[in-house]
Each structure stands twice: as structure tokens, then as C-alpha cells.
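> All chains should be modelled from the sequences, with the hints used to inform the complete structure.
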Amino acid sequence: MPLTETRPARQRIPALEVLEPRANDSWTHTRNGDPRGYIDADKLKELWIHTGTACNLACPFCLEGSHPGDGRIPGMKLGDVKPFIHEALDMGVEQFSFTGGEPFVIRDFVNILDYASRYRPCFVLTNATEPLLKRRHQVLPLLDNPFPIHFRVSLDFPDRARHDKDRGEGSFDQALKGIQWLIDQGFKVSIARQTDPDEIPSEVEAAFREIFREWQIPENLAFTAFPDLGTPGSEDGSPEITESCMEKYPTVDSRAHFMCTYTRMLVKKGDSVRVYACTLVDDDPQYDLGGSLAASMSERIMLRHHRCFSCYRYGASCSAPV
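Counting with the UniProt record's numbering, you get residues 1 to 322 for the letters of the sequence shown.
Derived by calculation from the structure, the hints in this document are not laboratory data.
Do not rely on the hints blindly, as some may be mistaken.
Said to hold, decoys possible - Derived DSSO-like pairs (lysine-lysine); straight-line CA-CA distance at most 27 Å:
| id | residue 1 | residue 2 |
| --- | --- | --- |
| 1 | LYS77 | LYS248 |
| 2 | LYS134 | LYS188 |
| 3 | LYS188 | LYS43 |
| 4 | LYS82 | LYS268 |
| 5 | LYS82 | LYS188 |
| 6 | LYS248 | LYS45 |
| 7 | LYS268 | LYS134 |
| 8 | LYS269 | LYS43 |
| 9 | LYS77 | LYS134 |
| 10 | LYS177 | LYS45 |
| 11 | LYS43 | LYS268 |
| 12 | LYS43 | LYS77 |
| 13 | LYS248 | LYS82 |
| 14 | LYS269 | LYS45 |
| 15 | LYS134 | LYS82 |
| 16 | LYS165 | LYS134 |
| 17 | LYS177 | LYS188 |
A quick note: this is a predicted structure, and the numbers were derived from the prediction, not measured.
Okay, structure coming up:
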């Protein structure tokens with residue numbers, strides 16, 4: 001099913017111009033002077049680990065600005081994360097999740113995944129192309145670990161030409177090959193796709209399932225649909241979330257979809273590992289909550305990043321679909 005590409009042009013703003021004034025002057029109040037909406041954390045249920053921004057692809061829409069050799073966030077090593085894995089276990093964490101860049105580009109990633117999946121279920125965001133396919137011999141033994149690994153594969157649109165326009169020629173078929181291999185081995189797989197403003201989700205997902213039939217891939221794979229989240233240092237003009245906005249959520253349960261309620265993310269900065277509030281805010285230093293998971297859970301999180309509005313409006317979550 002052909003889909004019309006309508007993504008608007010986005011203005012790229014140097015990070016210092018966006019982040020420094022907002023970080024210093026408006027953590028607690030909007031530009032209009034209204035008290036910001038906020039989240040107080042509950043219990044750490046999911047720990048995200050940012051493996052680094054290096055990637056084998058160079059997608060122009062990437063919310064991390066990733067590309068081959070990118071070093072905005074350095075590659076994570078097993079020694080970096082071991083202390084945090086055990087701190088999280090002491091706090092009752094239920095799942096370890098991984099994002100990038102492309103995690104399988106990072107040399108130590110399979111060692112990290114092997115270690116983490118000995119303690120809790122794991123969830124990996126991947127493009128399932130060449131870096132994964134080259135390391136199949138390392139990934140396959142992980143099936144024998146005590147806890148399962150779920151892979152969410154980026155497959156932007158049910159249209160090969162449109163997908164490959166940004167991700168590179170052949171990436172659509174490579175991703176399907178990766179999905180097919182993961183499922184054939186017995187791993188759980190779901191799909192991350194992009195949204196169009198006027199789409200009919202059931203029609204889009206039906207078009208994906210038609211492709212899955214052609215590739216002998218199960219048609220019941222779960223989808224997580226994401227809006228355009230912008231590149232690092234960008235500003236999309238989203239409305240700011242105020243305290244009164246949050247009061248429109250009628251119950252505590254309805255507010256609990258905000259990931260900063262139950263997750264934290266590890267981000268490597270130079271030689272140290274820092275705890276960030278969310279997987280979507282590593283381009284803003286104000287969301288650096290220090291070097292301790294336990295201490296980070298007592299921090300009030302102000303919903304001032306423009307990506308916070310996507311959570312507010314769409315209920316989008318980076319976590320594994322239920």
C-alpha cells in the first residue's frame with residue numbers, strides 16, 4: 001500500500017542555543033511563566049542502557065543523530081554497566097533494555113547482553129541488518145540463558161522504496177532477513193514503525209502483514225508506532241506541559257505511562273556513566289540525574305523536553321509492547 005510522505009522540514013538549532021537557556025532558566029516554569037508539569041518516580045521497573053550512538057546507518061530523521069563512527073555518546077562496555085545492573089537488581093528491576101545507535105555495532109554489546117540476560121528479561125532495539133547478521137553465531141547461544149531476549153526491529157513503512165530512501169538501499173530486505181532469522185531461532189520479535197499524520201493504523205499494519213506473509217514471517221507480530229521525535233538539538237514547537245495539563249489525567253494509573261515514572265537510562269559521558277531520566281532526553285544535560293540509580297529515583301522530573309509532549313499526546317512508550 002503506497003503511503004504519501006508528509007514529514008515536514010525540521011529546523012536544526014545548535015544544541016547550545018536550545019539547551020543552555022532552557023536548562024538554566026526554565027526547569028520549573030514554561031516560557032509563559034506557568035508551573036511545569038512533572039513526574040515523581042515510583043519504582044524502578046526497567047533499566048535502559050544506551051550502548052552508544054555509533055550506527056551502521058545514517059538515517060536523517062534519527063533522534064540520536066547516529067551514523068557510522070558517531071561518538072556523541074561513546075560505546076558502552078561490560079565493566080561500565082556491571083555495577084548498575086547489580087544496583088538495579090537490588091532495587092527490584094524487572095527488565096533490562098538496550099538502545100543505540102545500533103547496539104550490535106558496539107564491540108562489547110553481546111557480552112553485556114549475555115551478562116544481563118542471566119539476571120532479567122532483556123529488550124533490544126535494533127535495525128536487524130548487517131551488524132546483527134554478522135554476529136548470529138554470538139547471538140544464538142543467548143537462547144540458553146536463564147531469561148528471554150525480545151528484539152524490536154525498526155521497519156519504518158510497509159514500502160521498500162520509502163524505507164530504503166532514508167535507511168539505505170537494501171536495508172528493508174536485510175531487516176526482514178534479520179526478523180526471519182530471529183524468529184526461526186526462537187527469539188521474540190516486535191516491530192517499531194513510523195507514523196503518518198493522517199494514517200489509518202489498521203490499514204498500515206495490514207500492509208505490513210501482507211509483506212510478512214511473503215517472507216513467511218508470523219503475521220501476529222506486535223507494532224509500536226512512533227511520531228517524528230526530531231534530531232538532537234532540534235525544537236519542534238510542541239506545546240509545553242503545565243501542571244494544569246497533568247491534572248487532566250484523571251488517575252495515577254493514567255499518568256503512569258510516562259517512562260520517567262518507572263525507568264532510568266545509563267548514558268556514557270566521557271569515561272563515566274550517568275543516570276538519565278528517560279531514553280528520549282539524552283541531548284539535554286538537565287536530565288542527568290547523577291551517578292546512582294537509587295538517588296535518581298528521588299528526583300522530580302520536569303516535563304520540559306519537547307519529546308515529553310509525544311508521551312503526553314500519544315502515550316508512546318519505548319518499552320516492550322505487552
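> All hints are to be evaluated individually against the structure, with a verdict given for each.
Hint check:
| no. | hint | in the structure |
| --- | --- | --- |
| 1 | LYS77 x LYS248 | violated (42 Å) |
| 2 | LYS134 x LYS188 | holds (19 Å) |
| 3 | LYS188 x LYS43 | holds (26 Å) |
| 4 | LYS82 x LYS268 | holds (13 Å) |
| 5 | LYS82 x LYS188 | holds (25 Å) |
| 6 | LYS248 x LYS45 | holds (25 Å) |
| 7 | LYS268 x LYS134 | holds (25 Å) |
| 8 | LYS269 x LYS43 | holds (25 Å) |
| 9 | LYS77 x LYS134 | holds (20 Å) |
| 10 | LYS177 x LYS45 | violated (32 Å) |
| 11 | LYS43 x LYS268 | holds (23 Å) |
| 12 | LYS43 x LYS77 | holds (26 Å) |
| 13 | LYS248 x LYS82 | violated (40 Å) |
| 14 | LYS269 x LYS45 | holds (24 Å) |
| 15 | LYS134 x LYS82 | holds (26 Å) |
| 16 | LYS165 x LYS134 | holds (23 Å) |
| 17 | LYS177 x LYS188 | holds (15 Å) |
When held up to the earlier numbered hints, the structure conflicts with 1, 10 and 13 and fits the remainder.
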